[in-house]
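J.: So you can see what is in the structure, the chains are spelled out below.
There are 2 protein chains.
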Amino acid sequence: MRYSKLFGKTVRNAPKDAVLESHKLLFRAGFIRDLSAGRYLLTPLGFKVFEKIIKIIDEEMQTIGGQRVSSPTLHPLELWQATHRDVAFGEGLMRVKDRRGAWFAIGATAEAVMTEFVKKFSPSWRDLPFVIYQFSQKFRDELRARGGLVRVREFLMKDSYSFAADEESSLKCYWDHFHAYEKIAERLGIKVIPVEADSGALGGDFCHEFITPCDFGEDTILTCECGYRANKEKAEFVRENINLDEEEKPLEIVSQPEWVESMDDNVKHYNLPKSRFLKNVVYKTAKGKIIIAVIRGDLEVNEVKLTKVVNEGELIPATDEDLIKMETKPGWVHCWGHQALYIGDLSLQTVKNFIGGQKEKTTDCVNVNYGRDFTCEVLADITEAHEGYFCGKCRKGKLKEIRGIEFGHVFKYDDFYSKAMRATFTDKNGKEKFLQMGAYGIGIERAMAIIVEAHRDEKGIIWPKSVAPYQVHLVNLNPKSEIRNPKLNADEVYEKLQASGIEVLYDDREEVSAGEKFVDADLIGIPVRLVVSERNGDKIEYKGRDKKESELLDLEGVVERLKA
Amino acid sequence: MRYSKLFGKTVRNAPKDAVLESHKLLFRAGFIRDLSAGRYLLTPLGFKVFEKIIKIIDEEMQTIGGQRVSSPTLHPLELWQATHRDVAFGEGLMRVKDRRGAWFAIGATAEAVMTEFVKKFSPSWRDLPFVIYQFSQKFRDELRARGGLVRVREFLMKDSYSFAADEESSLKCYWDHFHAYEKIAERLGIKVIPVEADSGALGGDFCHEFITPCDFGEDTILTCECGYRANKEKAEFVRENINLDEEEKPLEIVSQPEWVESMDDNVKHYNLPKSRFLKNVVYKTAKGKIIIAVIRGDLEVNEVKLTKVVNEGELIPATDEDLIKMETKPGWVHCWGHQALYIGDLSLQTVKNFIGGQKEKTTDCVNVNYGRDFTCEVLADITEAHEGYFCGKCRKGKLKEIRGIEFGHVFKYDDFYSKAMRATFTDKNGKEKFLQMGAYGIGIERAMAIIVEAHRDEKGIIWPKSVAPYQVHLVNLNPKSEIRNPKLNADEVYEKLQASGIEVLYDDREEVSAGEKFVDADLIGIPVRLVVSERNGDKIEYKGRDKKESELLDLEGVVERLKA
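Each protein sequence line maps, in turn, to chains A and B. Each residue of the first sequence is one higher than the last, beginning at 1 in UniProt numbering. Each residue of the second sequence is one higher than the last, beginning at 1 in UniProt numbering.
Treat the hints loosely; a few may be bogus.
Pairs involving identical chains hold if they fit within one copy or between any two copies, as the list cannot separate such chains.
As the list claims (entries may be wrong) - Restricting the straight-line Cα-Cα distance to at most 25 angstroms, the calculated cross-link-like pairs of lysine-lysine (DSS-like) are:
id, residue 1, residue 2
1, K138, K55
2, K431, K232
3, K5, K431
4, K400, K16
5, K97, K393
6, K138, K97
7, K119, K5
8, K24, K119
9, K465, K496
10, K428, K232
11, K97, K563
12, K55, K465
13, K543, K361
14, K16, K398
15, K120, K16
16, K5, K433
17, K172, K97
18, K5, K480
19, K138, K52
20, K52, K284
21, K97, K287
22, K172, K5
Hint data in this document are derived by calculation from the structure and do not stem from the laboratory.
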């Protein structure tokens, strides 16, 4: 490709609101533009990288026996409603009504569609297991779209779905994907850490996220020396016993100054650590139902864990107005007695004689004991894990926090979708059984951003060979015909390289200085730069983008090196 | 691929509402399923064909220098509004509001998006011309979705866009595409006739449709021996003079029985041919504005032509209620005097002393002459062409009608979009000028249907080699291990063919009879069928899907034949 004719050239400045280096570099080097927040256009350079990422993923999906299919973007809303995924996705799922009044979800994922697809062929045990996959545009109406290609509102996703007759073969599909994802990451030049994760709005109970460590990532994972790795939404940890050897004392209503409202006020007033207090955090569901999370004072509620326990879709933090409607206010919420669903954290069982729980204008109570004085409808793990907590698996090591970006996600659903949608197969005895399902996703835009985060320097991108838009960046330093290098014609070098099957980006611009061409080559980041100039005579300067030194080779030498 | 493990097997019956053979066959053979009306799922077999069609189109786009890009599906609605395309597309364009209240169009085509894309890089004359293209999902909220893959609500489209500095280089891009489309059709095994067409809601003034002749097609084209070819919405023809030598007589109000309302009533009452009467056809715009089309009694209004002349978006036929509001009724509409925009057809100039135009309870008028007694705001070609009319180009030949399906469409827009969107480039003298634009589209689902319409027999599909899902369909007639052919192991044949780089669909099913396997092979329509059976010993039966006779070859002979 002649750079002079390439649509989408480099620019000096990145957008002012760009935070991640991958966003700045991909913009400046001319790979992407935003059409609106979170919706990106890919230039010809950007699409070249995209194609290579897609090809690698496609090959690995074929290797594990995946069969490529395609499905519509607009899904009949009933398919989402069958498993209440419309509620679980909340406002993140876009909906649209057609001119005949039928409602559609704009595909955010395709579990239900694929389940419906499979139903249409009434499979028998002979057909199972199989994996179908597609590359298709997905839509998530994110409240905030930030970080360039990392969190977007519309993106291409490789999503695959496995259908199996039993647990064993379903798990085989799961681990096939797990290993394929490791392989894909390796081929893309990305380091990933598979971690146990929460499946969130997608349903199911067993899943892994593949996280790329990155200081600016949105995800936090917790790791232990014992090998335990989980994301913050899933990580289990040991809640230390605070004072379980203490004897239970009788509950007492005590007088308390009105100013004691927050946890800090309490610590000050009683001169005791936060862990001795009860804390309430109030949420509401989309339908307005009040949820009160009760937790030990030194711990934080993790909304994802809580959402999963409540299982009624998105939770929204209650506002002061909500509290007024409950006839209370911040700091005054009671651990019992409100018209609400109470969810208690496991930490309520680690303290004797809690303080708090019934704050009024001039009183509160002390010596509150869970089980004796109050109980919650559900007692579960709703606490956010943090660095330094004891690992929930080995119960000895201390958890460490790593920030990162989610590269891929694998889910084992069992019959979560097939039961709700009556998706069955006929077994050897002619009996109808529910299909065992798994789903597996990689976002392509995000993969591109992750690659750039991992492969760059202060001058620009350094593409791994496997996904570079071109193999070589050929720079002609004397493109004007009147001063053309008499010993080596760059146009001919371009033609010959292409004839050898090498993908060449050829900077043939006449109006641009040598310095600018070098700056652009470093910014665009193609792995090898070749320079044809009068100074080099009949030799070509060969330089790896990641190397400091260059070499002079003849054309044959260049081709040989590139083909090696 | 082992057929036993393929997702999406054959079935006996087509859906009851299927009309086109391509729909029935693609369904029965297991290439497609509908998720909802007009929105299709592609099975692995269907996607294989899709991939091959895409590859052929992609190669031809590369050959003419196209640069592949990608753009979001949701377009900020403002981009559509800039050229009033939102109005022109009417309800066919789906719209959706995001959670922050921003309106988006769900991409029906991408002219405005691509214009915006190009603007973001402020091109100069040095960058021009260039062609960018994509394969992306398009959405049209069709009132009726029928004919399987021919008229769908959602489809993959190859859409390309050319941007040029002047008329000449813009036209070069146009004809490059024109010839590329002929080449693509040829490679897909499709016969196409390029015809002059109307650009409809897309804007612009110069375009060609590529029509595949098909008796069940939705489009009608008119051809003349002189070479003129146009679709019904565009075709120009000569309006014969009816009685221009007659002298203009004075307009007269005459009494007329109340029952004389329709054209047939008039013919009966006056005993004169339809061509002597005035006819009014009433429409309204989306905003409720009344349009009255005035035309010679023997001609029909073509809504597309009329819509284009009115240029206020979709036109809807007026209802009886609309006429009541106008204080008239069917057959009583006047050729003048209503609160309406009057559009007259050129045929008003071919008759002297028209009858009609002012029907009241007991009167009408005669000797009405256009120009003298009434005029319309616009006089234009709004008549539907028909077989037998005189060609508008040579004015001698008679037009012939052919039915067909639109395979592709090329548009020359000049500065229709760039002017409205202020999309400019810097010319050699540093002056800002409007970009000259063209756009070019091929729908992939429809291409697949057209191929099947053209390549089939009573037994099933007969795929052209270029797009067949697999090159050979290998049938094992003795798959059960206990009765396996001792001289030739079909599993090994399968492996060896694959190792030779041949794409094989291998029917290894144990539970299916030989007869059923043959029926399935004919239905699926892979170009070559190979049979391994005990009867054939160490030879393989080789039969072309389009041939009656088979041959016995050894494996080497088969490979040689396939590689030829």
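J.: Give a verdict on every hint.
T.: To see whether the hints hold, each was checked on the structure:
In this assembly of identical chains, the alpha carbons of K138 and K55 lie at most 25 angstroms apart whether taken from the same copy (19 angstroms) or from different copies (23 angstroms). Proximity of K431 and K232 under a CA criterion of 25 angstroms is satisfied in neither setting, with 42 angstroms inside one chain copy and 57 angstroms between copies. Taking the shortest Cα distances, K5 and K431 sit within 25 angstroms of each other only across copies (20 angstroms), while inside one copy they are farther apart (63 angstroms). With identical chains, the CA atoms of K400 and K16 are never at most 25 angstroms apart, being 34 angstroms at best within one copy and 62 angstroms at best between copies.
Taking identical chains as interchangeable, the C-alpha atoms of K97 and K393 are never at most 25 angstroms apart, the minima being 48 angstroms within one chain and 46 angstroms between chains. For the homomeric pair K138 and K97, the shortest alpha-carbon distances inside one copy (18 angstroms) and between copies (16 angstroms) are both at most 25 angstroms. Proximity of K119 to K5 under the C-alpha cut-off of 25 angstroms is restricted to the inter-copy arrangement: shortest distance 16 angstroms between copies versus 49 angstroms within a copy. Proximity of K24 and K119 under a CA criterion of 25 angstroms is satisfied inter-copy only: 19 angstroms between copies versus 45 angstroms inside one chain copy.
Taking identical chains as interchangeable, the C-alpha atoms of K465 and K496 lie at most 25 angstroms apart only when both belong to the same chain, with a minimum of 21 angstroms there against 32 angstroms between chains. Within a single copy, K428 and K232 get their C-alpha atoms no closer than 43 angstroms, and across copies no closer than 58 angstroms, so neither meets the 25 angstroms cut-off. For the identical chains of this complex, K97 and K563 are neighbours neither inside a copy (54 angstroms) nor across copies (51 angstroms), given an alpha-carbon limit of 25 angstroms. Taking the closest pair of Cα atoms, K55 and K465 come within 25 angstroms of each other both inside a single copy (14 angstroms) and across two copies (24 angstroms).
Taking the shortest alpha-carbon separations for K543 and K361, neither the intra-copy value of 75 angstroms nor the inter-copy value of 92 angstroms comes in at or below 25 angstroms. For the homomeric pair K16 and K398, neither the shortest alpha-carbon distance inside one copy (40 angstroms) nor that between copies (65 angstroms) is at most 25 angstroms. With identical chains, the CA atoms of K120 and K16 are at most 25 angstroms apart between copies only, with a shortest distance of 15 angstroms across copies and 50 angstroms within one. For the homomeric pair K5 and K433, the shortest alpha-carbon distance between copies (19 angstroms) is at most 25 angstroms, but the shortest distance inside one copy (59 angstroms) is not.
Taking the shortest Cα distances, K172 and K97 never come within 25 angstroms of each other, neither inside one copy (40 angstroms) nor across copies (42 angstroms). In this homomeric assembly, K5 and K480 come within 25 angstroms of each other (Cα to Cα) only inside a single copy, at 16 angstroms, whereas the closest approach across copies is 60 angstroms. When the C-alpha separation of K138 and K52 is checked against a cutoff of 25 angstroms, the pair qualifies both within a copy, at 20 angstroms, and between copies, at 24 angstroms. Proximity of K52 and K284 under a CA criterion of 25 angstroms is satisfied in neither setting, with 45 angstroms inside one chain copy and 51 angstroms between copies.
Taking the shortest alpha-carbon separations for K97 and K287, both the intra-copy value of 22 angstroms and the inter-copy value of 21 angstroms come in at or below 25 angstroms. With identical chains, the CA atoms of K172 and K5 are at most 25 angstroms apart between copies only, with a shortest distance of 16 angstroms across copies and 49 angstroms within one.
Comparing the model with each earlier hint shows violations of hints 2, 4, 5, 10, 11, 13, 14, 17, 20; every other hint is respected.
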